[in-house]
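In the order they appear, the protein sequences are chains A and B.
Numbering-wise (the numbering used here), the first sequence opens with residue 1 and increments by one.
Numbering-wise (the numbering used here), the second sequence opens with residue 1 and increments by one.
Some clues are possibly wrong.
[What the hints assert, rightly or not] Derived Cβ-Cβ restraints for the label pairs, each shown as a range:
#, chain 1, residue 1, chain 2, residue 2, range
1, A, 128, B, 113, 22 to 32 Å
2, B, 113, A, 58, 21 to 31 Å
3, B, 123, A, 131, 27 to 37 Å
[As the list claims (entries may be wrong)] Here are a few chain A residues that sit away from chain B, every Cβ distance over 12 Å (derived from the structure):
#, residue
4, 2
5, 9
6, 72
7, 88
8, 102
9, 114
10, 123
Hint data in this document are derived by calculation from the structure and do not stem from the laboratory.
Note that the Cβ used here is the ideal one computed from N, Cα and C, for glycine as well.
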Amino acid sequence: MEALLDFSQKSGIYAFMHTTWGWPVAETLHFMGLSLLIGTVGLFDLRMLGLASGIPMSALHKLVPWGVAGYALNVMTGVMFVSSAPDQYLFNPAFQTKLALMAIAGINVLFFYRFVFGPVKRTGVGARAPRAAQVAAVISLSCWIGVLVCGRLITYYRPPYHWCFWC
Amino acid sequence: MDYLVWLEETPFSIWMRESGPAFFSTLVLHAVGMGFVVGVHVTMNLRLLGVAPRVPLSMTRRFFPVLWVNLVVVSLSGALLLVAYPAKALTNPVFYLKLATVLAALFVTRSLWTGVLRDPSHDAGRAPRKARVLAVLSLLLWAGAITSGRLLAYTHNMLMASHQF
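Put together the whole structure using the sequences plus the hints.
Below, the structure written as structure tokens:
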């Protein structure tokens, strides 16, 4: 926690986030990033589950780098939030759950590109994605929606009124 | 202002404000719904601008049911949040800016829908210039809607009309 605050203060992030518009600007960018992620990765997941089956999956996948860009933007703005007020996050059950869901989503991404993406790319128009891809899509959608829910709930569990449930 | 005080004192408004779960689940639904509303527009507009050119343009309409469902979710949850703190939004010019931005963005979507999206002759390759301009406009308007929406938490003049602080 000390290290996070130290990083924030030395890098100038702390000063920026505590100006009048610093925090809201970072929050706005954070929401734009999540919209990019939901719009590209989320809709790709829905395609694997059978929606818009007239779109070739390999063609739709070309949008995913924009989702990755949104993710990168959100990691950056996320670090800005957490390092500028670490006690509001580290002891917050919503934030802890959010990190856990991000970890599951990350493992799911590795699993997907290692084992499932090849067959998915070869799946033609109109066909359903392989079973494993559908499982990965459900995990991905649930995790990212859960991440969004937890992100919004961080303001609900404000330490010191709500401490970590499981430690 | 009198009607705002009256609305604030209705049992439903009090319940929305004071029941933590009711208020926060509405807030969560509003955020998730908005993520999907903007998300569908992200995919549609990126395709119009030439990213993922092999996606048949008219097929992006198949994602629109996701948009309709989430538009209902954001409208209903938005109305509930308004009932919880009517004066907070209605006395803030940024709230009207957000409404105007969303309506303008949906108007752009409508003209894309009735124009280029329904016409399979644009399925392959570049979209017409007019459609690309509208796609940029749509992205800017949704960015504006997100910005003004987020700023609502920072720009209000009062929380409640009945006790102004």
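Hints, verified against the model:
Our hint of 22 to 32 Å for residue 128(A) and residue 113(B) holds, since their Cβ atoms are close to 27 Å apart. A beta carbon spacing of about 26 Å between residue 113(B) and residue 58(A) agrees with the range 21 to 31 Å that was offered as a hint. Separated by about 30 Å at the C-beta atoms, residue 123(B) and residue 131(A) satisfy the suggested range of 27 to 37 Å. Non-interface status of residue 2(A) relative to chain B is upheld: no Cβ of that chain comes within 12 Å, the nearest being about 29 Å off.
Residue 9(A), annotated as away from the interface, keeps every beta carbon of chain B farther than 12 Å; the closest lies near 23 Å. Distance check on residue 72(A): its Cβ is at least 15 Å (rounded) from any Cβ of chain B, clearing the 12 Å threshold; non-interface status holds. Against the 12 Å criterion, residue 88(A) stays outside the reach of chain B, whose nearest CB is about 15 Å from its own CB. Chain B leaves residue 102(A) outside its interface by the beta-carbon criterion, the shortest separation being 16 Å against a cut-off of 12 Å.
Distance to chain B confirms residue 114(A) as a non-interface residue, since its nearest Cβ pair spans about 23 Å, more than 12 Å. Distance check on residue 123(A): its Cβ is at least 14 Å (rounded) from any Cβ of chain B, clearing the 12 Å threshold; non-interface status holds.
Consistency note: the structure conflicts with none of the earlier hints.
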